[in-house]
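There are 2 protein chains.
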Amino acid sequence: MKASQFLISTLKEAPADAEIVSHKLMMRAGMIKRLGAGIYNYMPMGLRVIRKVEAIIREEMVRAGAVELLMPVVQPAELWQETGRFDKMGPELLRVKDRHGRDFVIQPTSEEVITDIARQELRSYKQLPKNLFHIQTKFRDERRPRFGLMRGREFTMKDAYSFDRDAEAAGKSYDAMFAAYCRIFDRLGLEYRAVAADTGAIGGDRSHEFQVIADTGEDAIVYCPTSSYAANIELAEALAPEAGRQAATQALALTPTPGKSTCADVAALLGLPLTQTVKSLVLATDTRDEQGNVVASQVWLLLVRGDHDLNEVKAGKVEGLKEGFRFASTGEIEAHFGCKPGYLGPIGLQGVKVVADRTVAAMSDFVCGANQVDHHYTGANWGRDLPEPDLVADIRNVVAGERSPDGQGVLAIQRGIEVGHVFYLGKKYSEAMNATFLAEDGKPRPFEMGCYGIGVTRLLGAAIEQGHDERGIVWPVSMAPFEAVICPIGMDRSEAVRDAAQQLYAALQAAGVDVLLDDRGERPGAMFADWELVGVPVRVVLGDRGLKDGVAEVQGRRDAAATAVPVGELVAQVKARLQG
Amino acid sequence: MKASQFLISTLKEAPADAEIVSHKLMMRAGMIKRLGAGIYNYMPMGLRVIRKVEAIIREEMVRAGAVELLMPVVQPAELWQETGRFDKMGPELLRVKDRHGRDFVIQPTSEEVITDIARQELRSYKQLPKNLFHIQTKFRDERRPRFGLMRGREFTMKDAYSFDRDAEAAGKSYDAMFAAYCRIFDRLGLEYRAVAADTGAIGGDRSHEFQVIADTGEDAIVYCPTSSYAANIELAEALAPEAGRQAATQALALTPTPGKSTCADVAALLGLPLTQTVKSLVLATDTRDEQGNVVASQVWLLLVRGDHDLNEVKAGKVEGLKEGFRFASTGEIEAHFGCKPGYLGPIGLQGVKVVADRTVAAMSDFVCGANQVDHHYTGANWGRDLPEPDLVADIRNVVAGERSPDGQGVLAIQRGIEVGHVFYLGKKYSEAMNATFLAEDGKPRPFEMGCYGIGVTRLLGAAIEQGHDERGIVWPVSMAPFEAVICPIGMDRSEAVRDAAQQLYAALQAAGVDVLLDDRGERPGAMFADWELVGVPVRVVLGDRGLKDGVAEVQGRRDAAATAVPVGELVAQVKARLQG
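Respectively, the protein sequence lines represent chains A and B.
Just so we're aligned: the first sequence equals residues 0 to 579 in numbering that gives the first Met the number 0.
Just so we're aligned: the second sequence equals residues 0 to 579 in numbering that gives the first Met the number 0.
Hints are computed from structural coordinates only; laboratory data are not their basis.
Please read these numbers as outputs of a predicted model, since none were measured by experiment.
Any given hint could be a false lead.
All copies of an identical chain are treated as equivalent in the list; a pair is satisfied when it fits inside any one copy or across any two copies.
No more than 20 Å apart at the CA atoms, straight line, and that leaves these computed lysine to aspartate or glutamate pairs for EDC-like [unchecked claim]:
#1 LYS11 to ASP513
#2 LYS96 to ASP86
#3 LYS51 to GLU67
#4 LYS574 to GLU233
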């Protein structure tokens, strides 16, 4: 490609609404262009990256035995009503009526349509296993779209769906996709981690997120550097302290803590470690009649150590909270605790269910709110000052440095950006949509399904969050819009430079290098800045001075300086750097 | 690809709603699957064809210097309001509101968005010419979607837009796209014709449709076999008769024609040729005030020869009808003609504007309605029995056999399916959206634009309408989902067949042939029927009997019988047939 024939539009400044580095750099590099909130034109430079990502995904999906099809963007509501998602999903599902007033959705995902296809096309166990995928435009009407392609409204995803005869076969399909995803992210050249993820209401442990490691990532991922343990923060298990609960050494004392309503403030005031304090969180659950009216409510007190954070996903797995919970209202709190929030605690309660985190259950001589404004208790002890908790459960986020659940070391925490997800669906959709095949015994049986997504456009943002410096994007070679760029200096006035540039351009093309010749006639500084911003992995600079000595300058995107390379060795050098 | 790993779902019968052969065959061959009215899943077999078509289009667009980007499916209404199309377009424009109540459209085309990109990105004449294209999913909410991919609601199109500094440069861009389209349709292996098309309100003669020739086509295309003249029926000019008007030989006579209200019936009753009769069509135009209320109407009588058809596009170019016309109401007809339709004619009218087709203006001694029920005039003559017409114009469709407008022979008419369109837009969009660039003189000037569409999914239907027989689809090699299929007979019980099939499969793949190995274990008859239905160009049948003699059977999709070919020559034979 010659630059003069391409559309290059780099910007010195990122627009004001670009908050994160990948968004800023993609805008500045002219890869995307905003059309509306969360809706972007994929400009030629960005589309090249998307196509490279898609090609790698497609190759590895096919290698893993998946078959590509394409399901529509605009989907009739009927199928979404079969699974109940047409009503259940919130306003992020973009609904539209056609000219006849019929309901449709702009697809955010395609479980319904693929299950509909399977129930018609896959009739016998002999056709199984089958894995069908597509790469398609999707739409999710985010309340607050932001971060460019990272949380856009219109985006491109690959989604695959596997259909199997039984859970064992479904496990094999899952494993095959897991392996394919590893190959995909390896080939994309990204540093990533596959982490076990929560499976929500469906249950089972077959869900993994593929997280691109980046300090700016929204997700916390937990792993053990000395073992294979890795999970997202929602799932990573926090163990009880090994030592167990120590004997009480202090007496319970009502202690004035005027104006100190947080554990940190109380600990500071009392000169105690934060780990000696207990944090109280008040939830409520509702019982409803058949009309959906609330007929009774139960108030819950959840206790975590002062330096720990409640994990709402884990809380949602506690017996009694599984069907859904909410944070209690101020009215409910005052009715049950006789006190406003900030000074709540577990001592002297009536009719409140108390759930203690495993760590809290093992504490002694702890500090907690006294259910009295401006007061806390110190020296509180289970069994003596208050009854043992109704339930003890893992309801908090793990923290770095604690024991790994597999017993193989201590946990570390990284930030990550979720770019892929493999999920064992089981029979959720096949049963809802009566999608069955004839098993070997001649009887209809619902498919065991899995779904497997990769956010194609999101991957661009994630790769940039991982790979950038002060000059711009640092793409992995396999994702770069161009692998190499030739920057001729003074091409318009020097025949030698022009000839050398054209020859090198032809030679690199012949060698299979995806090369761009910058024939725009820009000054060297402007050229270099553009291609560093765009993130082309290898740059070759040709100028009269070097050519007199038979050399050109080669510089990798991460290199601090250029290397002089004899003209005859340029192709080999460029190829070597791309492979290295 | 091995059949066992693919998704093959052929049907014996087409669904009842499939009216035309391409729709029936695509459904039967399992290429598409209906999801809703005019909305289809592209199944793996069909998607392979789409991808091959897209690849050829993409290659030729890039070869012609166009640059690919991707514009969103969901587009903000604001841009569509700038050009007025948000309000002007009918219900075929699918409109949707997002969660905040803002208006969006599901794009049927992208003039607005590309013009918005151009006015931001293309700032100087130095960046011109530029041609930007994308291949994207589109939606048009057809009132009555039908014919499968031919008139669907969701479909895939390539659209390109050129931006030029002046009309001359725009003409060159147009020519380059015209040439690229010829290469594309040549490579697709289709019989097609590029025909001049009407440019509507924009004017100029720079519009061509690319029509795939098929007897079942919706469009009539006119061409001269002995010259390069070709136009669609809306545009093809009908010349006046060479001989001119003959002198009157008959007297005007009021003739009873009871119950005979059509020209054909009247001619039969009177024993006259249909070419002696004149057909009367009554139109009306309205004058409106600023509020849009009709303040006056004018009634028009359009006359074409009894065997000719009115061409409404041509009528719309007549002075006085350009601003829009409608067919007159029965009330208006009775008020102006004193007679109900069926016996209307041009004699004795007041306040009606009469437009005669060129042929009618040259007639003498003609038959026309008498404005009296059950009566016609015979022997009518211009100037003597009625005034010369107010206007003489070309307002009819040409018919086969008449003189070509270029004077180089006589016209022929074929049926065609429009699959591509190149169109010189001029400044329509750039002026409406104030899209300018800085010209060499430093002044802003609106872009000269062209737009260039190809209906990717429609092409599949058109190719099948052109290429099919009683057994199924006959694809051109470049569009076929697979180029060749290996059908091993008794693969499960014969090691020789199995080995030969695997070897041939590997050898054909190594030779670059897109080959499918049918390893499903189906009976020969079922295998053959499937691949004839799907339309694979070359079939190789391997069986024990032939292999004993060292031969296999090769049969092209159009061949009446198979040819025995030595096993060692199979690859060369298959390749030769694919190239032939």
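Okay, the hints, checked on the actual structure:
no., hint, in the structure
1, LYS11 to ASP513, "neither (26 Å within a copy, 47 Å between copies)"
2, LYS96 to ASP86, "both (15 Å within a copy, 17 Å between copies)"
3, LYS51 to GLU67, "both (17 Å within a copy, 14 Å between copies)"
4, LYS574 to GLU233, "neither (43 Å within a copy, 57 Å between copies)"
The structure shown violates the earlier hints numbered 1, 4.
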